[in-house]
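**Student:** Line by line, the protein sequences are chains E and G. Number 398 in my numbering belongs to position 398 of the first sequence; there are no gaps in the numbering. Number 190 in my numbering belongs to position 190 of the second sequence; there are no gaps in the numbering.
Some hints here could point you the wrong way.
[Claimed, not checked] The calculated DSS-like cross-link candidates involving lysine-lysine, where the alpha carbons are at most 25 Å apart (straight line), are:
no.	chain 1	residue 1	chain 2	residue 2
1	G	K196	G	K103
2	E	K422	G	K196
3	G	K62	E	K131
4	G	K51	G	K62
5	E	K61	E	K312
6	G	K231	G	K67
7	E	K297	E	K366
8	E	K131	E	K422
9	E	K422	G	K62
10	E	K312	G	K231
11	E	K229	E	K297
12	E	K422	G	K51
13	E	K312	E	K131
[Claimed, not checked] Here chain E is said to cover these stretches of chain G; the calculated rule only asks that three of the stretch's residues, wherever they fall, bring their Cβ under 8 Å from a Cβ of chain E:
no.	stretch
14	18-30
15	144-155
Rather than coming from a laboratory, the hints here were simulated on the basis of the structure. Just so it is clear, CB atoms sit at the ideal spot from N, CA and C, and this is done for glycine as well.
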Amino acid sequence: MRNFYGAATALGVLCSMPAMALAQSEVVVWVAGEPGQTTIYDELAEAFNASQSDAVNTIVKNSSDLFNPALVPALSAGEGPDLFTFGTGPGQPAALIAGGMVADLTDAYRQHGWADTIPEGIIVQTSSDGKLWAFGNEVETTGMFYNQAIFDEVGVTVPTTWAEMEATVAALQAAGYDTPIGLAGADKWPVSHWQSMMFGRYAGPDGIENVLFGDGAWTDAPFVAASAKLQEMGQAGWFGPTPVAIGYGELMDSFWAGDVPMTFTGPWVIGGGIEAAGDRIGDYSVFAVPPFEEGQKIHPTNSIGIGWYIRKGSEVEEQAIAFLNSIFIETTGRVALLNAGTIPVGPLEEALAQAEMSQLAQDIWKTADDHAANGSVPAFLDTITPGSLTTVSYDGLQGLLLNVMTPEAFTADMQDAWAEAKEAGKIMRPGGIADE
Amino acid sequence: MRLDPNSKLAQRLNPVLFLFPALSIYIVFALYPTVSVIEYSFTDWDGISPKRNYIGLENYRKMFSDKIFWEAFRNTFVWSGVILVINVGLGLVIAAMLARVWKARLLIQTCIVLPVVISPMAVATIWRWMYQPKGVINQVLDGVGLDALTRPWLGDPSVVLYALAFAHSWSTIGLSVIIFLAGLQAVDEDLYEASKVDGATPLQQFRYVTMTALRPVTAVVFILTLTQSFKVFDIVWTTTQGGPIRFSEILSTYMYKRGALENDYGYGSAIGVALLVIVSFATIIYLQIQNRKDQ
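Let the hints inform the model, and build the full structure from the sequences given.
**Tutor:** Shown next, in the form of structure tokens:
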């Protein structure tokens, strides 16, 4: 009889398992990113799935250039993901919002106290018409990654002035490193990181804001000067003999292999770098590019990485919000992000006390913190300006590097695209959430 | 009620019945999207909003004054020209030579056709690696003392389009060769014998026997190659995304940029319609020329 009860109990448990599984709803999460660079979200989803039984988060990843063209038709067909990452600039998010494809997150913002975590500056970029549309999750910066072992071999130290920078590059070239600074110009977007940083350095935070939100123009003197400087560096061979023939993937392979001494990039490469360089990861560090001109300040670059949106009409909106809370609001999620080199928005004291950030991640954030008092500039101008301007900028930057375009013509093309987008109302406007 | 199979109605319905499955698939997956693209080209649709404003011919007016469109237009013609020369010209020569080879013919044929079944993305990745400044092509050129010819193939504006067209031809020429080979099987051997008796050289045989006999097959290969080359997107996008600057920008990549990346589906559709018109015209003109020659 005892056996019978035992068997019946076991059968009951077994029968209830499919029902439990059926009760779980699936939250489909699309994350944009290059392979191997967004693994943290898989880990966070796994941890979240293990901690509760209401929903299962399925992470789907795709490279950035294929992400948007796949997302838009999926959303239009009502078959899109429940939760997804997307740009926070003008143009596409505005169209998604106008098309009624994303959920209004204002109630969640108030209900879950997101205001304590998400700074006003981020809210401004993720809201419109008094409503919050995206969770601006992380802050990203850029810096000059370098290989200390190569520096030691060549006998150079981290440059702090432009003269030292020139001497460093010259010494590396003399030592046979024909590409002192890897650029990955074939992929265009890595060059725009230089552009964002240099435009910011030459124009300062106010100069950038004056163009984005005021009457300034991309043809203003600081932007022309910055473009000329980039072209001059390219012509002097700083980015190697073939700066627009190498893609980002190939460059990073060479960088972590120890063939390229420096490259200007962001913390998203750290995870892949630790895997690629293995024990040699301690050879790598980051420094802030010295001021290009006398009297110029170092302005750290800062941008929101991405925004997280919830599809309007998703049946698992609550679960999607719970997942967002678990990764960006709860301390365990924030610690995991920090350990992966991603800096979540908001106060970091609590998470930092528990985090074990890689040395490289600490280095890059230290370079930003060291100069924070000077005011920051956007790290990725291409994400906060219209797509038409991005196209023109990407092509023009290659034109500058190939020396087939003048800085004046480059900035004039940018300004034309900007003016056209401005006239069509496709530029970013500061947002904000309406009072209750 | 049962329909008499010999009745006039049944006789008329029969072909319709057999055509229906294929026709319905064609209408849903080819005709409807084509008509939709034409419709979108008269709107300012962003690809997302439910609202589409009809703006008449505005997108076409903009297109004709768009210098990048004309750059892409010119590049597309150069691109297609190179591919036509290689796939039709070289394809015919290779097929004619293969037809005379008996030893290891299957092996050679397999080697030529193999790239056709490789995924376009894989083809693009292979060639992206080979065309690297320190890639295998430059290493081989260096190795055989032709270092003057080494260059950053995908970063040099003067060669990038030709380099990519060559890579595309490598992956598609096998199909042309197979079609030409099939055509050559049907050429009467007596014609070669007769021409030999008349004292024709192998070159003259090729010119007056092979090429003449293969004229209808050449038309098929020409049209297939032309339409395929105009539609190419993957190899260019995966390797250069139209760069450096816009030196490898072709109409399909420009359409994608404007339509899908900049969310200007109306304008992107107008470029798509232009592409459709160009390919249709080119095909019609070629067929007309062929018909005149045949007459």
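**Student:** Tell me, which hint numbers fail for this structure?
**Tutor:** 2, 3, 10, 14
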